[in-house]
Each structure stands twice: as structure tokens, then as C-alpha cells.
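Using the numbering used here, the first residue of the sequence shown is number 65, and each one after it goes up by one.
Hints are computed from structural coordinates only; laboratory data are not their basis.
Warning: the hint list may mix true and false statements.
As the list claims (entries may be wrong) - Heads up, simulated BS3-like pairs for lysine-lysine below, C-alpha to C-alpha not over 27 Å straight-line: (1) Lys-152 with Lys-107; (2) Lys-275 with Lys-178; (3) Lys-172 with Lys-241; (4) Lys-178 with Lys-107; (5) Lys-163 with Lys-107; (6) Lys-237 with Lys-210; (7) Lys-212 with Lys-259; (8) Lys-210 with Lys-241; (9) Lys-152 with Lys-108; (10) Lys-259 with Lys-107.
Computed from a predicted structure; not experimentally measured.
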Amino acid sequence: MCMFANRTEAGRRLAEELQYLNETKLVLAIPRGGVVVGNEIAKKINCSLDVIVSKKLTPPDHPEFAIGAIMHDGTVYFNTNWQEYLQKNQLEDEIRKKKEEVVRRLEKFRGNSKYELRNKTVILVDDGIATGATVFVILNWLSKQKPKKIIVAVPVMPPQAFQYIGTEFVMNKIVEKIIVLDIPPNFSAVGQFYKEFDQVSDEEVVSILEKYKN
């Protein structure tokens with residue numbers, strides 16, 4: 065099992081795998097932990113850093129269980145049959161609430177929810193993937209932005225998530241490459257693969273992003 069000292073070390077190790085890219089690129093990090101990882105990559109390969117936010121959709125009675133995820137523009141991904149867990153009006157309420165929350169967080173972190181990604185090489189970064197819903201919906205959204213290519217770079221993910229990205233996004237030519245340092249079979253949470261996995265604050269995210277503003 066691969067163990068990372070912290071997110072900074074994980075980012076540096078991922079950056080070593082990305083140094084070969086000699087084209088205009090953008091690190092698109094998922095807050096909050098992914099921004100710490102993405103910062104190390106962006107510094108090492110000398111490129112811009114931005115954030116992208118999605119939110120899990122959850123039934124009101126089971127807030128810990130994700131039935132899918134949503135983006136700021138309403139792009140939705142479902143990883144299960146939502147009708148088994150909530151009624152249509154409950155789903156509509158959940159979508160509205162989480163979409164508003166995503167927009168609020170984008171406003172806080174980057175000032176708006178407008179992106180210009182056409183013909184860019186986008187490196188999507190997080191500190192790890194567990195169920196994958198929040199990453200899968202971002203990949204669906206990214207595919208509509210017409211980037212030159214999409215690379216997924218994370219320190220760790222379970223085999224099921226790796227296989228799903230490969231089947232749904234690599235084989236369908238949405239993702240060009242997956243860079244992952246460890247795919248452990250016994251996976252319960254991202255934090256188990258870090259010696260230090262402290263919560264990252266919104267203020268830390270904003271502080272990191274400030275360094276990349278023109």
C-alpha cells in the first residue's frame with residue numbers, strides 16, 4: 065500500500081509524472097484538498113491553477129449516501145437509480161439546493177462560474193477518488209467545454225473508480241490519460257493513504273489561488 069506523508073508530497077509525486085507535457089496546460093483542482101495537490105503540480109510544471117466544484121446529490125434521509133452529483137450549470141451524473149431513494153419533487157429540491165451551493169462556492173473561490181477551456185490541455189486533480197461521483201460529473205461537464213485533452217491526475221483511487229473512468233471516459237475518448245500513483249484493492253477512504261490528512265480551509269484555498277491571478 066502506498067502511503068503519502070501529506071497532500072504536498074502527493075502533489076510533488078504526481079508532478080514528476082506530468083513533467084513530460086510540453087504544451088499549454090491548466091491544472092483544474094477540486095477543492096479543498098485537491099487544491100493543495102494541484103498547487104504542487106502547477107508550480108512544478110509551470111502552469112496555471114484554477115478550481116472546479118461539484119456537489120454530491122443525497123437523499124434527505126441518508127445525507128452520507130451519494131446518488132450522484134451536480135455542476136454549476138446543471139450537468140448531473142447519477143450513479144444509481146435515484147427513484148429508489150427519493151421522490152421526483154425531493155430530487156428537484158436537492159438539485160436546486162446543491163446547484164446554488166456550487167455556484168456560491170465558485171463565487172467564493174474564483175469570483176464567477178465562467179470558464180474558457182476550449183483547446184486547452186486540462187489536468188483534473190484531487191487528493192484522491194473514493195466513490196467518484198463528484199469527479200465523474202466534472203468529466204461529463206468538461207467534455208462539453210471542448211478542451212484539447214483531459215488528463216485525470218490523483219494520488220489514489222479504488223480499482224472500481226479506475227475501471228469506470230477507463231471504460232466510460234478513456235474508451236470514449238473523453239479522457240486521454242489517467243495518472244494515479246496507487247490503486248489499492250482494500251479501499252475504505254482517501255484519508256487512510258495519508259499520514260497527515262488535515263482538513264483544508266476555504267481560506268487556504270483562496271490564498272493558494274491568489275498566487276495564480278494575473
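Comparing the hints with the structure gives:
1. With a C-alpha separation of about 45 Å, the suggested pairing of Lys-152 with Lys-107 is violated against the 27 Å cut-off.
2. For the given pair, Lys-275 sits about 19 Å from Lys-178 by alpha-carbon distance, which is consistent with the 27 Å threshold.
3. Only pairs whose Cα atoms come within 27 Å are accepted, and Lys-172 paired with Lys-241 is rejected, the gap being roughly 30 Å.
4. Restraint check: the Cα-Cα separation between Lys-178 and Lys-107 comes to about 24 Å, which is no more than 27 Å; the hinted pair holds.
5. Pair hint Lys-163 plus Lys-107 does not hold up; C-alpha atoms about 31 Å apart against a cutoff of 27 Å.
6. For the hint pairing Lys-237 with Lys-210, the CA-to-CA distance comes to about 12 Å; that is within 27 Å, so the pair holds.
7. Note on Lys-212 and Lys-259: the hinted pairing is violated, with a Cα-Cα distance of about 36 Å set against a maximum of 27 Å.
8. With a C-alpha separation of about 16 Å, the suggested pair Lys-210 and Lys-241 falls inside the 27 Å cut-off, and the hint holds.
9. For the proposed pair Lys-152 and Lys-108, the alpha carbon gap of about 47 Å is over 27 Å, so the pair is violated.
10. Between Lys-259 and Lys-107, the direct Cα distance comes to roughly 23 Å. Compliance with the 27 Å bound is thereby established for this hinted pair.
When the structure is compared with the earlier hints, violations turn up for hints 1, 3, 5, 7 and 9 and for no others.
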